[in-house]
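With chain A fixed as given, assemble chains B and C onto it according to the hints.
Protein chains in written order, with my numbering: chain A, 1 to 239; chain B, 1 to 242; chain C, 1 to 294.
Since the hints were made in silico from the structure, they are not lab data. C-beta: ideal position from N, C-alpha, C; glycine also. One thing to keep in mind: the hints can contain errors.
Quick list of the computed label-pair ranges, beta carbon to beta carbon [stated by the list, open to error]:
| id | chain 1 | residue 1 | chain 2 | residue 2 | range |
| --- | --- | --- | --- | --- | --- |
| 1 | B | E66 | A | E129 | 54 to 60 Å |
| 2 | A | D19 | C | D292 | 40 to 46 Å |
| 3 | A | P90 | C | S227 | 16 to 22 Å |
| 4 | A | D19 | C | K281 | 33 to 39 Å |
| 5 | A | R127 | B | D213 | 23 to 29 Å |
| 6 | A | L146 | B | G126 | 29 to 35 Å |
| 7 | C | D147 | A | L76 | 40 to 46 Å |
| 8 | C | E250 | A | P20 | 38 to 44 Å |
| 9 | C | I184 | A | P90 | 37 to 43 Å |
| 10 | A | I62 | B | E62 | 37 to 43 Å |
| 11 | B | G140 | A | T142 | 29 to 35 Å |
| 12 | A | R127 | B | E123 | 26 to 32 Å |
| 13 | B | T58 | A | K224 | 50 to 56 Å |
| 14 | A | Q128 | C | N225 | 54 to 60 Å |
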Amino acid sequence: MDVIGQGVKEGILLILSLDPELIQVTLLSLQVSLTALVAAGLLGIPAGTFLALKNFTGRKLILNIIYTLMGLPPVLAGLIVFLVLSNRGPLGEWQLLFTPSAMIIAQVLLGFPLVAGLSARAVMSQRQEVYDTAVMLGATRTQAVLSIIRESRMGIIAALTTAMGRLIAEVGAVMMVGGNIQGKTRVLTTSIVLETRMGHDSRALGIGIILLILAFMIMLLILKLEKRSFKDDSTIQIV
Amino acid sequence: MTVLFKLFDITKSYGERQVLNAEHLEIRAGNIHCLLGPNGSGKTTLLRVMALLTTNDTGDLEVLGEQVSWQPSQLLLLRRQMAMVTQSSFMFEGSVFYNVAYGLKARKKPKKEIQKRVQESLELLGMLDFIDAPARYLSGGETQKVAIARALAVRPRVLFLDEPTSNIDPSSSLEIEQYIKHINQQYSTTIVLITHNFFQARRLAQQTSMLWDGHIIEQGPTRDMFHNPQDPRTRRFIKGEY
Amino acid sequence: MKKFRNHKLLSILLILTMLVSVFAIAGCQKEEAEPQQQAGDSVPTPENPQLKLATTTSTQDSGLLDEIIPDFEAKTGYKAEVIAVGSGAAMEMGESGDADVLLVHSRAAEDEFVAAGFGIDRHDVMYNDFLIIGPAADPAGIKGGDDAVAALTQISDSKSVFLSRGDDSGTHKKELSIWKAAEIEPTGDWYNSVGQGMADTYRMADEMQGYTLIDRATYLANKENYSLESIVEGDELLFNPYGVIAVNPEKYPNINYDGATAFIQWIISDETQALIAEFGKDQYGQSLFIPDAK
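Only chain A is shown next, with the shape it has when bound in the complex:
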């Protein structure tokens, strides 16, 4: 019990102390996860839309694979990227292992199926009438598809939010391909693991609090973007 109270206290003290090492760790966490999120979004939203709208053989199979990969264990993603980037692996000569780039690659691998799968769901939930209305108003096919994406943006934002939550909190992949090197690849989650292993429970909890605050601020930001794109915020009212 005491550990928790002390952890909260230590967390606040840690934030107030503006410890340069902790700031660097926090910024790296943000940099890695946000970059991975943007990349996963840029790849996943078009891929999800394509899978939702285009009929071709193997589409169902690919969708099912993507749905399965939505639950890809971070450690497994880390292992795959590790094996590929290892000196013995096919891309060993790139010398990316134990760098932030490797961590971003692993996180994109984790984030992409989530964004693609959930975007596909969101787009598939749109009805035929969206497309019909658009083309009957003279939209080209591309314009009509963009309109469908626009109508699905609530679901797509949910996809990005979910992915962000997963990436910022994930430890298995960044530990494996980043290596948790102090000052180079150490992020908040791997710091928590390390502090816990060293028996510094309250410091670990303190860093956990910073992580939560960070996640909360990112969610606020995403929600703000969401609000801006919905002038009428359409919530179901339950009376």
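Relative to chain A, chains B and C alone:
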């Protein structure tokens, strides 16, 4: 008079079920042409084929003087001369302005022209006050008026109306009928109107085609059909026995 | 209609699967419980058979515990729950009463732990030794020596890549003590503090072709997989004694002190000491741990 749509032996089946088998249909420019018939008679499928939203299985389809090839470039060219309003029109998330401007933006019209035409169209339908309102929060009647304004803004040669008044109250319904008539006369827009309400057909349409189980069982000037229906099924439909 | 039935079928299947899993788990537990009851006449049945053993990653990663713990369980009837962490964390667990007995290697800290009253009955168990490993290319030019201090000085001077456990473990403390002896404060881009276990650090060092300090057991158990070579060994500074300590029951009455005592008696017994000496011989041709209980 120019013929805008020529259909011969157009059929459409979903699985085993044939929903459309239209032997012959012509729609002439400038008319209000009504497709009349009970639910499930194939009216909407026929309209969707003419609007190039649904492909026909067999038959000969000529739209706005062109043999339909279903090539995307041709579809775009033809559809840009058409517009459609359905019974509960879909509104894009956004303001009334966004919706009415949609077709003009798709055509990459200059901003000023978009502004002007959106205002004109809304004004014509008496909906100018709603220009900044969120489109998803309109009543049924208001939604239909915005949908008509949205269709009108692109100045279509042909306007498809699929039961545009069947989800709204009688007084709004009559009001919308006035707008339909006005559009037809003012801009000589050809209107293809689906309805199962034969009074509406009689009030609006010069020509009527009667559909039954996917077949066109009778067609001609609306007045003649109502005064002297040839087919017994038309007779009973008009009497309200179906 | 057909679709609907499929759905129903699917739900029934799902429910069945869940039921089967529940029974399977329940069944497993029963199976686990039974042999203990049967064995009741030959093996003592302790009052509280759960024993929490906090130990270093090296004993776990080398496979030593997997080899000898079954003997302990069979002889005493205790069930050992092994928690493999760094020595530092293991002692923290002892301090907070989350472990019953510790098997650690950090002599100075152990004495402190006992002096502070957290632990009692400390005994020497065995020792192994550390070695400095590194890439065959040997950029620091230290291969073949037996002076750890000189070797680390060379690594630092040549700014060769070095990986530190950086996790407060016994190995980390050992490494820091050598730096201290060399009067060097290791910082810079070449010095990588990775904060991971020995096996992970070994793997990373191999990928990065860097030097690291490693215990012999982990080194021998994994060296087939990696290209790093032994660079410096044999320095007395590199010896690594393991001790066993019971957590003081006066601090935490819930501690399984009987179990801890049984464990200590067992591990310093001649039979177990012989087991430890045997461990690794058939596989590596040498003992990984040298027993030295008195």
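Against the structure, test the hints numbered earlier, and report the numbers of the ones violated in rising order. 1, 4
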